[in-house]
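**Student:** One letter stands for each residue in the lines below.
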Amino acid sequence: MSISKEEVLHVAHLARLEFEEEELERFAEQLAAILSYVEKLGELDTSNIEPTYHALNMTNVFREDEIKESTPTEEALANAPERENGFFVVPKVIK
Amino acid sequence: MEWHKFSLTMQLEMLEKGEIKSLDLTQALLNRIKEKDSKIKAFLKVTEEQALSAAEKADRRREKGEKGPLLGLPLAIKDNICTKGIPTTCASKILSNFIPPFDATVIEKLKACGAVILGKTNLDEFAMGSSTENSAFFPTKNPWDLERVPGGSSGGSAAAVAAGFCAGALGSDTGGSIRQPASFCGVVGLKPTYGRVSRYGLVAFASSLDQIGPITRTVKDAALLLQYLAGHDPKDSTSAPKEVPDYLGALKMDLREKKVGVPKEYLGEGLEEEVKEKLKESLQIFKEELGLEVKEVSLPHTPYAVATYYIIAPAEASSNLARYDGVKYGLRVEAPDLIEMYKKTRSQGFGPEVKRRIMIGTYALSAGYYDAYYKKASQVRTLIVQDFQKAFKEVDFIISPVAPSPAFKIGERVDDPLKMYLSDIYTISVNLAGIVGLSLPCGFSQKGLPIGLQIMGPHFSEPQVLALGHQFEEIVKLYEKYPEI
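First to last, the sequence lines map onto chains F and Z. Each residue of the first sequence is one higher than the last, beginning at 1 in the working numbering. Each residue of the second sequence is one higher than the last, beginning at 96 in the working numbering.
Bear in mind the hints are in silico, worked out from the structure with no lab data behind them. All C-beta atoms, glycine included, are put in the ideal place defined by N, C-alpha and C. Among these hints, one or two may not hold up.
What the hints assert, rightly or not - Taking lysine-lysine and the BS3-like style, the derived pairs with C-alpha atoms no more than 25 Å apart in a straight line are: (1) Z:Lys485 <-> F:Lys95; (2) F:Lys95 <-> Z:Lys179; (3) Z:Lys116 <-> Z:Lys131; (4) Z:Lys470 <-> Z:Lys375; (5) F:Lys68 <-> Z:Lys423; (6) Z:Lys423 <-> Z:Lys140; (7) F:Lys68 <-> Z:Lys179; (8) Z:Lys129 <-> Z:Lys423; (9) Z:Lys423 <-> F:Lys92.
Claimed, not checked - Where chain F lies over chain Z, by a calculated footprint (3+ residues, C-beta under 8 Å): (10) 187–199; (11) 327–333; (12) 421–432; (13) 476–483; (14) 504–510.
Same shape as in the complex, but just chain Z (with noise of 0.2 Å):
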């Protein structure tokens, strides 16, 4: 049987009707992991006993006629999430003997409605990076080509994904980490809501901007998945006290006559033509097939998007990152003296693009600067705000590429911290806002790379977004397609 290819879908479907065992599923997920990871490297740490017990956990309750909506599915878990008992590093030397003792909301939920965990994917070192090569113990190669970056900082769940070690896993997006790496990899990424999801257990980079969120390899399993990880959460304060609405129940919902917009601005500099034409095929297929209205509009202060974000995502870390000290947790580096500690522990524990967010942040609340950067930038961040409101009053999504190229090559970018930060342009804006932002395959380049489409809706729009989506994935197929690995 070929494991690796069933969605969530499937596998929960075959587990209800009793014809695969969670235990077989898990089992033979595992061997694919230890067969392939050695190439891939997606996971940080593999929880097979753990996985193992779970599944047939989960098996022996379905025997006795128990269900659960996701119960014997095994995940993959971004390893800055909080899992009890279980590592959680964040791919940074200064959490590299973290052991945390709780779990994360969204670990809670996943456990309590049967899941099983398969271990803990690579990332740049503390979700800062667009290419997991910020890592602090290795990088993750992309699955569809092995010279290239699956994209970040979510970069190992979206390859585990890619190369069939697990149908679903999570993520995290600040500024695009869920839905970059799930488009240079050919899979699909949810951004959620700001404050659909509890970030409870998430461990914190930029806060009003983080946001928790699954990557499948279908928009239908991302809308199952999202089913069980939204909703309030009395331990996240900034979680919406919102109900959750039917997420696979609303993914057929007529659609025809709704109105998509292309951001002008968006269509510019610096965006491969390859990704263009497969934009402009997919509009295409949302007039011609589905029905929809297409037309342009215009997000006219997308030009400082980057610049925005750029101040108020490393100003958070700043002050986020203040808690590795070497005193509660994590490593300490000796010295006799409490700041020398903390300075040792401190440059030793971080990688370099940590660092630098960190000083780019304290220069910018720093006194005499907070007010022309912190503040200047929170203002610039009202204007971003406003264009998707005015532009909202006149469509239902915006559609936009993920990325303005496919994967790159591993080591290129490395060493342009700036570069690196312009290919965040087309995600970024959606966490400013706070919106709901979808990553899904579209098409492929000349050279056989994943390229994505992004579909942006208004605050708690999942249900109109994930069904365009799934409209969409069910008259291009992509899912079909599997890298050879």
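The following block holds chain F by itself, in its conformation from the complex (with noise of 0.2 Å):
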């Protein structure tokens, strides 16, 4: 199986990473090493097995609304890069 460099460079918009040229042939190449022996899983029928998502079956978990103590804003926001009058501050995104 081969991936084009089209197709990572796609994949790694969606994941919102970029790479340099060079690194962007290595990932191809070990993305496709990684998929094709993923495709062993092909090999198995699974047409009328269900999925599992989880280890343990538990469905919904429920809990009563109550109002309880949560992390004051400063502390909340005192790892932030940028912040200014209790927000997070990111680069303009309307132009």
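Need the complex rebuilt from these two chains, each delivered in its own frame; the hints are there to steer you.
**Tutor:** So, in structure tokens, the structure goes:
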């Protein structure tokens, strides 16, 4: 199996990553090797098998909707690269 | 006094009898770290001041006649578990300046029990790796052979325990990250049942597989720590609302005539002869000295486990790691435009293995590929779960190697991610099925490297698995061996 450079670029964009040209080729190769390996799953007939998304059979977990203490704004923002008036600051989104 | 040779249980007994002080113990371990960790590099951060003050406080509490189940015991914590006010980096550049405003539930619990935190240990970046070479800061060395890896991803915690920097540490295990380094370093590592220990405050890698557990010198110590780590947590809705049994009290349970299964699929290609030999010797001990019945079982979907794992884990990781966007915490690389800022931040902040897994996961979840990869892998996961269900109808425990070989050399496998992945063959199925996996030393190779044995048991079988491990370790007594460093 091979993966084109365009496909790698597309997936990189979805993942919000970018790569140098040289890195891009290495990644395409490594991804292709890994994906070829996982293609062996295709050997198994799973048409009547329910998927498992979780190891324990638990469904929705509910709790009372009570007001509890939460992290103060100052502390919650303390790790932010940039902040102003109790908000996170990001580069301009609307041009 | 050889402080570094005491197990947690021994430390606790001596503290309770007033024979030692936590401050002296903590200081002795800190001195050993100062003296020897430049060789091992197990710690990313040593929290000396906080540790000494916690130790002093523990001593004062004891003087007043107070008791705490872990009062004054020094422990190390893998650096992907949030510690309030102490940097938690996940060994990643993207979180190198992150200081959590809260404690993980396990940290809260340890503190409430009076434990002393010595520092934060090295790991493969975001727990992605099997050698601790993927740490963005530096690799950790194996205390038994400084040219070899300690395993991973909890390599720092396992190496710290093996080197005698502490008698107990926390690790996390998504595909073997507690058990494999424990095996490479000749110590004990327990991956509890999924949901047994709260994941709140564990930086998420693959949420349906991640589990926190203890790394210790003895199985008895693992039981001691699990006792106070386990339990339901309202902050983690996947934690099991199930009572915590008496693990220490269960260690001596009668296991005669219980059945032990060895999966025939685990003994084939890739397994090194020395590891196979030690497994056989261990089975003799189970049979002849412990009176268990040993038989062959089959886990027919084993050849598909690695492929299944390397779709599911990266898929979950790609989604979990979307939060590192340069906005709320961690690294930001400035750019005029928001998307550019995301891309620059993430590309400079993540290392190659993390990017590789994000790419695989994003690909497997992307439009047009979801059914072929993610759904398919989740269906095969069901088949792997069913394999275990069937096997556990025939036997009480499943025994296997932890890894196909003892610790490999630093640099030996970094260029071949697939080969690195394949070495996880014996550990990942346990995470896919959410069952218990205990890794404990069972011998040494010709070159003097530790070899581990894995005991697997069904969901919530920790009391039985720990009991079997404990009874085995009391025969082989490999915890009496220490590496020279």
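**Student:** Against chain F, does the stretch 187–199 of chain Z show at least 3 residues with beta-carbon separation below 8 Å?
**Tutor:** n = 5 at 8 Å, threshold three: holds.
**Student:** Take the stretch 421–432 of chain Z, compare each residue's beta carbon with every beta carbon of chain F, and decide whether three or more fall closer than 8 Å.
**Tutor:** That given contact holds, which follows from 11 residues of the stretch 421–432 of chain Z lying within Cβ reach (below 8 Å) of chain F.
**Student:** Counting residues of the stretch 327–333 of chain Z with a beta carbon closer than 8 Å to any beta carbon of chain F, are there 3 or more?
**Tutor:** holds (count 3)
**Student:** Taking 25 Å as the top limit, are the C-alpha atoms of Lys470 of chain Z and Lys375 of chain Z close enough?
**Tutor:** violated, 38 Å
**Student:** Straight-line Cα separation of Lys423 of chain Z and Lys140 of chain Z no greater than 25 Å?
**Tutor:** The hint holds at about 23 Å.
**Student:** Has the given pair, Lys95 of chain F with Lys179 of chain Z, been kept, meaning a C-alpha gap of at most 25 Å?
**Tutor:** violated, 39 Å
**Student:** Within 25 Å, alpha carbon to alpha carbon, are Lys116 of chain Z and Lys131 of chain Z?
**Tutor:** holds, 23 Å
**Student:** Hint check: Lys423 of chain Z vs Lys92 of chain F, CA-CA at most 25 Å. Holds or violated?
**Tutor:** holds, 16 Å
**Student:** Given the hint that Lys68 of chain F pairs with Lys423 of chain Z, test it: the Cα-Cα distance must not exceed 25 Å.
**Tutor:** holds, 22 Å
**Student:** Given the hinted pair Lys68 of chain F and Lys179 of chain Z, is their Cα-Cα distance within 25 Å?
**Tutor:** holds, 19 Å
**Student:** For the stretch 476–483 of chain Z, do three or more residues have a beta carbon lying closer than 8 Å to a beta carbon of chain F?
**Tutor:** holds (count 4)
**Student:** Holds or violated: are the alpha carbons of Lys129 of chain Z and Lys423 of chain Z at most 25 Å from each other?
**Tutor:** Violated: Lys129 of chain Z and Lys423 of chain Z sit about 35 Å apart, past 25 Å.
Violation of the numbered hints given earlier is confined to hints 1, 2, 4, 8, 14; the remaining hints are satisfied by the structure.
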